[in-house]
Amino acid sequence: MSVVEIDRVEKHYGSVAALAGVSLTFADGEFFGLLGPSGSGKTTLLRAIAGFVDPDAGVIRLDGRDIGHTPVHKREIGMVFQNYALFPHMSVFDNIAFGLSVRGQANQDIKRRVGEMLALVRLSGMEKRTPCQLSGGQQQRIALARALVTRPRLLLLDEPLGALDKRLRQQMQIELKQIQREVGITTIFVTHDQEEALTLSDRIAIFDEGKVVQAGNPHAVYERPATAFAANFLGDANFFEGKVLGPGRIAAAEGEIATEDPLPANGAQVMLAVRPEKISLVRPDAPVAPGNRLEGQLGQAVYSGMSTIHKVTVAGRELTVFAQNRSAQDFAPGDAVRLEWSPSHSVVVTP
Amino acid sequence: MSASRHSASGSAASRRRWAVIGLTGPAYLWLAFTVLLPLSAMLYFSFLTVAPIGARVAEPTLGNYLDYFRKGFYLTLTGRSLWLGVWVTVLCLLLGFPAALALAKYVKGRWREALFLLVVLPFWSNALVRTFSWTMVLRSDGMLDNALQAVFPGLPHLDIMFTFTAVVIGLVHSFLPYMILTCYISLQAIDDSLLEAARSLGAAGPTVFRRIVLPLSMPGILAGTILIFVPVIGSFMEPRILGGRGGFMLGNVIEDQFTVVFNWPLGAALSFILLAIVLLILAAFYPLLRRNLQGLA
Amino acid sequence: MTRLWGTALRVYLAVTLAFLYLPIAVMVLMAFNQSPLYKLPMVWDTVWFEKLVDNDRLLTAAAHSIVLALANTAVATALGTMAAFAFARYQFRGKTLLQILLFPPITIPWLIIGTSMLVLFFWIGIGRGLHSLLLGHVALSIPYVVVVVGARLKTFGPVYEEAAATLGATPWQRFWRISAPLMAPGVIAAALFAFAVSFDQFVISYFLAPPGWTTLPVEIYSSIRKGFTPEINAISSIIIFVSMGLMLVFARLYRFGGER
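Residue numbers (the numbering used here), protein chains in the order written: chain D, -7 to 343; chain F, 16 to 312; chain X, 56 to 315.
Next up, chain D with everything else stripped away, as it sits in the complex (with noise of 0.2 Å):
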C-alpha cells in the first residue's frame, strides 16, 4: 500500500488562507483522521490530494513521487462523497463497475470483481437496484465499495458518515474500521465529529485556520492537547491562567493550582487545561485528597442519563465538572462544593 507526504503545500482564495503551510506524512495502511470546523481546510487538504485542488504552493507525494502533475484519473485513488455521489443513471451493478469498465476490462473479470465487493459490504444480491431504492447506509457501503473495487493506492473519504442518523452511524463506523482493516488501505477521512475521529482514527490531525494545530494517536491529543483550541474542539475543557510560581505550580485567579508539565520561569505568564470528567466533584466536609482542591459553588447541572454536567461558580468564574452517575449524589444547587484533581491532569496549553 502507500505513503502520502504532504510538504508545506499552501493554497489561498483571495486573501483567505484555505491551507496555510501543511505538513503530514500518513503512513502506510493508517486510518488517518482530519478533524476541524468547517473552513479550517481540512476538506481543502483532502481535495488537493485527490487531485480536485491545485496546491499554490508546497508537494503531495505518493510513495516519494510528486502528483501534482498528475490528473485526477490517473491517481489510482478511491474517494468516497459526502452525499456518496452514486450515479443516479446507474444500476447498483453499473455504479461498482464502473472504475473497472472504464479501465476496459473483461466483462467476466468485472463481474467477478463487482460480486467480490458487493460480499466484502455484505450487500449480495443488490446488483440491480438504483441507488434511490437503497437506504443510505447501503448507499454509503456501495458508494465504499465502489471505491475499492479498482484496489486504489490511496482511500478518501469525505464526511463519510456525515448522512446517516446516530444510530446507524456507530454501526457503520464498526463496519468501516473492519473493512479498512481487511483490505489494509491507506485511508484519509474528513470529519467535523470529534466522537467519530476518535473512535475510527489511529491518528488525527486537527485543523484550524488552515493549519494543523496538533497531530498524533488520539489518546494522545486527547489527553495531552497542545493549544487551547485543540483542548476545547476535541473535548471540553476548563482553562486556568496565572503566573508561575515555581517548580509544577502556578498562581491562577482561583488559586493555588498544581501541574506535573514542565513550566517556563517564575513569574512567566501560562494557561492550563483540566477536562471536566478529570475533576472530583465532593463535599466541603469530605476528608482531604492529595493535589489540586478549590472550593466554589454548585450553580444549575444537567441531567444526561449516564453523567451530569455540573456548573460550579469558584472566584466569580464558572467550571464545568462532569459527574457519573454512579450513586444517587444529592448535590443541589447552590450547595457548597470541592473540587479536586490530580495535578497529572492540568496540561499546560498554548492560548
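Everything labelled a hint here was simulated from the structure, so no lab data went into it.
Just so it is clear, CB atoms sit at the ideal spot from N, CA and C, and this is done for glycine as well.
Hints are supplied without guarantee of correctness; some may be wrong.
If you want the footprint, here are the derived chain X segments under chain F, 3+ residues with CB under 8 Å [to be verified]: (1) 140 to 151; (2) 167 to 173; (3) 194 to 208.
Once you've looked at the hints, dock chains F and X against the given chain D.
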C-alpha cells in the same frame, strides 16, 4: 520547487481558460454577429443620407434624427406607442396578478399543475395566429357582435375592429401569460407560514396582502412589467392586423421604412430612437429593478 | 370571509383562462365552418382543410418553416448547451457579464433586431435567405437553450463527474458516460423549445425571408394583409395543436428533469 508548482497550476488554469473559450466562444461569436454587429451597422446607417448599398454614395447627416423632432407626426406616434404600452401593461397586471394569486395560493395539487399548463400553453402558439383569431371575434358582425345581438337584440352594432381598443385587446391577450407566469413564480415562493405568522400577529386579510404578499411579489410584477412594456412599444404586427389605420404605431413606421418606402437610414434612426426609449425606461427603473430582481436572475 | 375571497379569485382565474382561450376556440371552430364569411349557425365541414392540400404557397412555406426549425434546433441546442456547461462547471472572470449578454436578444424589441440584421446582411452582401434566417433564429434560441440546460445542470453538481474522475475515467469518458446522460432531459427539452421558438418566429423571419423563400408565419401575414382566406384558420389550427403538443411534451420533460 515552489516555482514548478506555480507553473503546474498555471497550466491547469490555462487548460481551464481554453475550455471556457472553446465552450462559450461559438455561441457568443454567433450572438456578436447577429446582435452586436447588426446594431452597430444600423447605428452607422442612421447617420447617412442613403443606404450605401450598390453604387449609391452616402453622405453623413443628422437629418434623420432631426426629422424625428421636426415632424410632429413621429412624436405623436411615439406618444401613442408609449400610451399603448401603459394600457397593455396595466391591464395585464390587473388581469394577471389576481389570476396568479388564485393559482399560487387558492388552487392545490393536480389542479394547479393542469391550470398552470393551461396558462402557459397559449403562450406557445403562434402570436400572429392568435392575433388573427381576434379579427373574427371583434369585427362587426363577428363573434362578439353576434353574441351581443343575440342577448340584447337591437343593440347598435359593435364596431371596435380597427381601433386602438382592438389593438389593446389583442396585445393584452398576447402578453398576459408573461404577467401570470412571473407573478406566479414569486407568489408561489412565498411560504404559507409567513402569511399564518402575519395573521397570528393580528394582521387582517387586507393588511397581510398589503404588507406581506405585495412586497414579496414585487420582483414578479416588475419582471412582468418589463417583459410586456418593452416589446409592446416596439410592436407592429398586432397594430397592423387589428388596428388598421386607427392603430398605426411607431413600429409600423419603422416597418414601412424597411419594407415599403425603403428609406433605411430613416428606419435605422427611428429604430435607435425606439431603442433609446427602451434603455431610458430600463435606466429609470434600474434602482428598483436591481433591488427586486436579484433573486430572480 | 377568506373562503369567499378564495372563491372570488378562483372565478377570476377561470374568466382569465376563458379570455385566453376564446379566440383560439373561435379560430378552430371557424376552420370547420363551411361559410367563408363565418356565418352562423355553423355548418360543419372540412372543406378548408381539403383546400389547404391544394394550396402550394402555404404548404411550401410550411415545409420551409420545418427545415429552418430543424436546422435551428441542431445549431442552437449545440451552441447553447456548450455555453450552459461552461457556466455551470467553470468559475471564470466575466461570467456574469456573459450571462447578462444573453438577455438583449430576448429583451430588445424583435423589430429592432430584425431590421438591424437586414441592414447588416445587405451591407456585407449576404442578403436574405435560409442562411440569414438561420443566423437570426439561432441568435434568438441560444438564450432559451442556455437557461433550460443550465437549470438542468443546476440539479446535479459536478460531484458525479468528480466521482468518475477518482474512479479513473478520462475527461472524455466522464462527459459521455456521466454528464451527457444526466444532462439529456434538459437538452431534449431545450431542443423542443428551440424548435418552437423558430417555428413560431414571425418578426425576424418577416425581415429576413426573401420573397421566394417565405416561412409559414410570413406567408400567413401576407395572406392576412391581402385579404385572408379561411384556409388560414385551418392551417393555424394545425399550428396551434402542433405547438401546444410540443409544449406538453416539453412540460413533461422539464418537470421530470427538475426531479432527481
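> Checking C-beta pairs, does the stretch 140 to 151 of chain X have three or more residues closer than 8 Å to chain F?
Replying inline: Result for this restraint: holds, n = 5.
> Are there at least three residues in the stretch 167 to 173 of chain X whose beta carbon sits under 8 Å from a beta carbon of chain F?
Replying inline: That given contact holds, which follows from 6 residues of the stretch 167 to 173 of chain X lying within Cβ reach (below 8 Å) of chain F.
>> At least three residues with a C-beta closer than 8 Å to a C-beta of chain F: is that true for the stretch 194 to 208 of chain X?
In response: As far as the stretch 194 to 208 of chain X goes, the hint holds, because 3 residues have Cβ atoms under 8 Å from chain F.
Every hint, counting from the list given before, is met by this structure.
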